[in-house]
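Novice: Sequence:
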Amino acid sequence: MTPEERMHLVAQLLEEEYGAEEQGETGSSDPFRTLIGCVLSHRTRDANTARATEALFKVVATPEEILSLEPDELSTLIRCSGFYNQKARNITAICQDLVDNHGSTVPHDRETLMSLRGVGPKTADIVLSHAYNVPAIAVDVHVARVARRLGLADPKAGPEKVKTALEHLVSPKRYRFIDNGFVRHGKKYCRKTNPRCLECPLRGVCENPQN
Numbered sequence: 001m002t003p004e005e006r007m008h009l010v011a012q013l014l015e016e017e018y019g020a021e022e023q024g025e026t027g028s029s030d031p032f033r034t035l036i037g038c039v040l041s042h043r044t045r046d047a048n049t050a051r052a053t054e055a056l057f058k059v060v061a062t063p064e065e066i067l068s069l070e071p072d073e074l075s076t077l078i079r080c081s082g083f084y085n086q087k088a089r090n091i092t093a094i095c096q097d098l099v100d101n102h103g104s105t106v107p108h109d110r111e112t113l114m115s116l117r118g119v120g121p122k123t124a125d126i127v128l129s130h131a132y133n134v135p136a137i138a139v140d141v142h143v144a145r146v147a148r149r150l151g152l153a154d155p156k157a158g159p160e161k162v163k164t165a166l167e168h169l170v171s172p173k174r175y176r177f178i179d180n181g182f183v184r185h186g187k188k189y190c191r192k193t194n195p196r197c198l199e200c201p202l203r204g205v206c207e208n209p210q211n
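Note that my numbering gives residue 54 to position 54 of the sequence shown, counting from 1, and the numbers run on in steps of one.
Hint data in this document are derived by calculation from the structure and do not stem from the laboratory.
Keep in mind that a hint or two might mislead.
[Stated by the list, open to error] In silico DSS-like cross-links for lysine-lysine, where the CA-CA straight-line distance does not exceed 25 Å:
{"no.": "1", "residue 1": "156", "residue 2": "188"}
{"no.": "2", "residue 1": "187", "residue 2": "161"}
{"no.": "3", "residue 1": "161", "residue 2": "173"}
{"no.": "4", "residue 1": "156", "residue 2": "192"}
{"no.": "5", "residue 1": "192", "residue 2": "161"}
{"no.": "6", "residue 1": "173", "residue 2": "187"}
{"no.": "7", "residue 1": "156", "residue 2": "187"}
{"no.": "8", "residue 1": "161", "residue 2": "188"}
Build out the structure end to end from the sequences listed, making use of the hints.
Specialist: Rendered as structure tokens:
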């Protein structure tokens, strides 16, 4: 089975398991909120990210408004996300950069996004995909793990090589669907420890079942 054939089967099975609702989505999220939400998501659970983002954006809506907050005010608002002092410093630096260099607008190219403090490839790709409808697969730990175990990327490939491998195997209009599907699958079945391989709907096409 070629990698292209394997990916085709994987996509079919993901649709059967999770539905195809992501497939036709377009970028509609607010770029600034998406960017700050990604910063808040580092090393915390989704629920904590959502709580911190909601708390912050009840008070502010723009880079200028965040810069008007006292440092302890910002840290308090995002405290539930964890590592809140470091995240507050990163958010402040990002907002200052946006105001000084980008007209208070979030950039829409990957290289410029990654020049912002605390913004790496995954965050840049999420902003591009979710806010600007630019085709991109954002490789997090779940996407990387699923891709490697399925044999769609080299077992030792880093995130950028995983991204390249996946984006070569599927058309750009399917990037968002594959990205979301791999994240959901990594959380539900293809876990880092104690993966649910015997129940996994992708077991028949997986090169590395764990049990």
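Novice: Is residue 187 within 25 Å of residue 161, Cα to Cα?
Specialist: Between residue 187 and residue 161 the Cα gap is close to 21 Å, so the pair holds against 25 Å.
Novice: Please work out if residue 161 and residue 173 have their alpha carbons no farther apart than 25 Å.
Specialist: This hinted pair holds, its Cα atoms lying about 20 Å apart.
Novice: Hey, residue 173 versus residue 187, does the alpha-carbon distance stay inside 25 Å?
Specialist: holds, 23 Å
Novice: Does residue 192 lie within 25 Å of residue 156 when you go C-alpha to C-alpha?
Specialist: holds, 15 Å
Novice: Does residue 188 sit within 25 Å of residue 161, going by the straight-line distance between their CA atoms?
Specialist: holds, 24 Å
Novice: Is it true that the CA of residue 156 sits at most 25 Å from the CA of residue 188?
Specialist: holds, 23 Å
Novice: Hey, residue 156 versus residue 187, does the alpha-carbon distance stay inside 25 Å?
Specialist: Holds, at roughly 21 Å.
Novice: Is the Cα-Cα distance between residue 192 and residue 161 25 Å or less?
Specialist: holds, 19 Å
When the structure is compared with the earlier hints, no violation turns up for any of them.
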